[in-house]
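Protein chains: 2
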Amino acid sequence: MSDESRRDFALSCPLPLSEYPRVQLAHGGGGRLSQILIEKLFLGAYGNPALRQLHDGAVLATGGGRLALSTDSFVVRPLFFPGGDIGSLAVHGTVNDVAMCGARPLAIAAGFILEEGFPMEDLWRIAESMRDAAAAAGVPVVTGDTKVVDRGKGDGVYVNTTGIGWVAEGVEISPQRARPGDAVLVSGEIATHGIAIMSVREGLEFETALETDSAPLNGMVERILAAGGDGVHVLRDPTRGGVASALNEIAGQAKVGMRLEEGSLPVREEVRGACEILGFDPLYVANEGKCLAIVAPEAADAVLAAMKADPHGREATVIGTVVQDHPGRVYLRSSIGGLRIVDMLSGEQLPRIC
Amino acid sequence: MSDESRRDFALSCPLPLSEYPRVQLAHGGGGRLSQILIEKLFLGAYGNPALRQLHDGAVLATGGGRLALSTDSFVVRPLFFPGGDIGSLAVHGTVNDVAMCGARPLAIAAGFILEEGFPMEDLWRIAESMRDAAAAAGVPVVTGDTKVVDRGKGDGVYVNTTGIGWVAEGVEISPQRARPGDAVLVSGEIATHGIAIMSVREGLEFETALETDSAPLNGMVERILAAGGDGVHVLRDPTRGGVASALNEIAGQAKVGMRLEEGSLPVREEVRGACEILGFDPLYVANEGKCLAIVAPEAADAVLAAMKADPHGREATVIGTVVQDHPGRVYLRSSIGGLRIVDMLSGEQLPRIC
Chain H
1 MSDESRRDFA LSCPLPLSEY PRVQLAHGGG GRLSQILIEK LFLGAYGNPA LRQLHDGAVL
61 ATGGGRLALS TDSFVVRPLF FPGGDIGSLA VHGTVNDVAM CGARPLAIAA GFILEEGFPM
121 EDLWRIAESM RDAAAAAGVP VVTGDTKVVD RGKGDGVYVN TTGIGWVAEG VEISPQRARP
181 GDAVLVSGEI ATHGIAIMSV REGLEFETAL ETDSAPLNGM VERILAAGGD GVHVLRDPTR
241 GGVASALNEI AGQAKVGMRL EEGSLPVREE VRGACEILGF DPLYVANEGK CLAIVAPEAA
301 DAVLAAMKAD PHGREATVIG TVVQDHPGRV YLRSSIGGLR IVDMLSGEQL PRIC
Chain F
1 MSDESRRDFA LSCPLPLSEY PRVQLAHGGG GRLSQILIEK LFLGAYGNPA LRQLHDGAVL
61 ATGGGRLALS TDSFVVRPLF FPGGDIGSLA VHGTVNDVAM CGARPLAIAA GFILEEGFPM
121 EDLWRIAESM RDAAAAAGVP VVTGDTKVVD RGKGDGVYVN TTGIGWVAEG VEISPQRARP
181 GDAVLVSGEI ATHGIAIMSV REGLEFETAL ETDSAPLNGM VERILAAGGD GVHVLRDPTR
241 GGVASALNEI AGQAKVGMRL EEGSLPVREE VRGACEILGF DPLYVANEGK CLAIVAPEAA
301 DAVLAAMKAD PHGREATVIG TVVQDHPGRV YLRSSIGGLR IVDMLSGEQL PRIC
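Here the protein sequences come in this chain order: H and F. Heads up: the first sequence at position 148 corresponds to 148 in our numbering, and the numbers run straight through without jumps. Heads up: the second sequence at position 118 corresponds to 118 in our numbering, and the numbers run straight through without jumps.
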């Protein structure tokens, strides 16, 4: 490219390149910089109605019904961690993203980017773990692809999983549907996955083993939809960027406010302790087996009961309310009554957590 | 893991770990070692009827019809090359894999693994190129994911694309359907993509610019199916491993032999020359915008005419025949009448060609 055409070209980019000349780790962190990258650069390039929904998956109307499609690349390190590994995480993450579209996952495609020299035995462990996770979720891996890159150009293995699923008639799950008065529910204790990973990296020890909460949530979503019907407005698994970033995204898209009650946020004691040691706020730490549900007030009790009836939702609870005030903002009411803004994660907190 | 459980574990792997203790570049090359990895390790882990078809995509029967799903990760280097870049390649590759299932591509999901420090401007160029390729193919990018890995743990950008599509009623495309008497057609000159990439890497110069043949083939597949109907048995885009590896795979799966006529293989003059300089056999060099079709003899003329009527198929030609002899083997008859075995690519010829 000539210098001139390069300049013209750069001018067409809706992301200000002088401000963001290079990719930073935080562009993958699930917070503000991720949002800017996606909304400016990717939507700028190929925005279309399905993509513009900015859900974790797309719902497509087809002749034969509505189809959900979701993709995720997994770059977690270490590859093996307490309670899981990159393989089970890749299956759960994609099964859950499809389920969060209100869909019943149908099949998974798996793409591997392997680094030359990666131990074959570790690849087999990961493949076995994916198999077990897929079997537990009831969603088969039906196609795949393998690429190998030269030594030093990868990090052992990266896994991409893409899932498809069917959306039942009448189900309408979308961040835009959050409305004032809705209850905000979470399916259990937050921040466990992120802290389990960080504790391995940092060499923290706990009295009881701290394992990832990574789990398939498609069964729970079926219970939620059966119990709450049209009263189920939004579903979201708060992964990178945690509960805070997920709720900020939804508040921004639905143009509503949210108020969380600090005392109601479920956090395991060891996780809270580790957060204090590491300087993290549990609201920003990644989860992998948790679901946020935003539901009409009249459906809240039934949905909460449905979550609690699921093996992965026993600690489910109501953590807040959707409000009319301060649209686009999430507030937290502390135990002593003060209000503080819960902003979106800015910068990178926990690189390569999933 | 204890040493003992590690031993037990390794014993369960259907791939002999003592023989293949580590991933080699050739495990991603599309030849014999790729096949061993897929058939032993991945099928061993999560074989199911859809995956066992070993097509480049899966066809799934659903309540609302049959759905095709295909995934591919792209690790090509350089990222930008004559006639294309990793973005257009990622769109074409996946559109084509879905089309080779006999399906009409419906939507694409895109996953990016970015290396910290990657120039944002290059990312925008790639996103724009994907947009243009998606628009030209008529297949929207509807969902995506972005991860960032630390500097030195990637190679600028890796792109995964996954496509879904509908298979029309009555269409049955599968490698198992190749049968003696069928004609083997190719939609144009072979080996162009691989040589275009290699010539950049090796600094070769040609009188005319040698560009990749990367192109979307979904339109051509529609023409082929309309012209050949049930007589269209197998479709395949011969990417990594080239025409030789693709035909070997099909011959093995259908338990038939194949005989190719050397004189009929279309290869551009510059490509043939570059192959001689670089020591490559065009039959093993990757293509990105070419399609193999194996069709019943009575459908061959109509399918050939349909290919030629498409802008990407003007040089289409018949290159061989499916035979009963030597099942699982592909032979080439030379211009002077001798026969030689065309084996599957063994080892790695062109690393990171797509």
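Treat the hints with caution; some may be incorrect.
Pairs involving identical chains hold if they fit within one copy or between any two copies, as the list cannot separate such chains.
As the list claims (entries may be wrong) - Here are the simulated SDA-like pairs of lysine to any residue, each with C-alpha atoms no more than 25 Å apart in a straight line: (1) LYS153 - ASP122; (2) LYS153 - CYS275; (3) LYS255 - GLU39; (4) LYS255 - GLY83; (5) LYS308 - ASP122; (6) LYS40 - VAL267; (7) LYS40 - PRO119; (8) LYS308 - ILE341; (9) LYS40 - GLY117; (10) LYS255 - SER346; (11) LYS255 - GLU205; (12) LYS255 - THR321; (13) LYS40 - ALA136; (14) LYS153 - ARG177; (15) LYS308 - ILE38; (16) LYS153 - PRO49; (17) LYS153 - GLY257; (18) LYS40 - PRO311.
If you are wondering where the hints come from, they were derived from the structure by calculation, not from laboratory data.
Do the hints match the structure? See the list:
1. LYS153 - ASP122: both (18 Å within a copy, 18 Å between copies)
2. LYS153 - CYS275: neither (33 Å within a copy, 27 Å between copies)
3. LYS255 - GLU39: within (16 Å within a copy, 50 Å between copies)
4. LYS255 - GLY83: neither (38 Å within a copy, 44 Å between copies)
5. LYS308 - ASP122: Answer is neither: 36 Å inside a copy and 48 Å across each miss the 25 Å cutoff.
6. LYS40 - VAL267: The answer is neither: 35 Å in one copy and 43 Å across copies each exceed 25 Å.
7. LYS40 - PRO119: Intra 39 Å, inter 15 Å, cutoff 25 Å: inter-copy only.
8. LYS308 - ILE341: Neither: 29 Å inside a copy, 64 Å across copies.
9. LYS40 - GLY117: between (38 Å within a copy, 18 Å between copies)
10. LYS255 - SER346: Classified as within; 20 Å inside a copy, 58 Å across copies.
11. LYS255 - GLU205: Neither, since 42 Å and 57 Å both go past 25 Å.
12. LYS255 - THR321: within (14 Å within a copy, 63 Å between copies)
13. LYS40 - ALA136: Between copies only: 22 Å across, 38 Å inside.
14. LYS153 - ARG177: neither (43 Å within a copy, 40 Å between copies)
15. LYS308 - ILE38: neither (35 Å within a copy, 40 Å between copies)
16. LYS153 - PRO49: neither (36 Å within a copy, 34 Å between copies)
17. LYS153 - GLY257: neither (44 Å within a copy, 39 Å between copies)
18. LYS40 - PRO311: Neither way: LYS40 and PRO311 sit 40 Å apart in one copy and 34 Å across, limit 25 Å.
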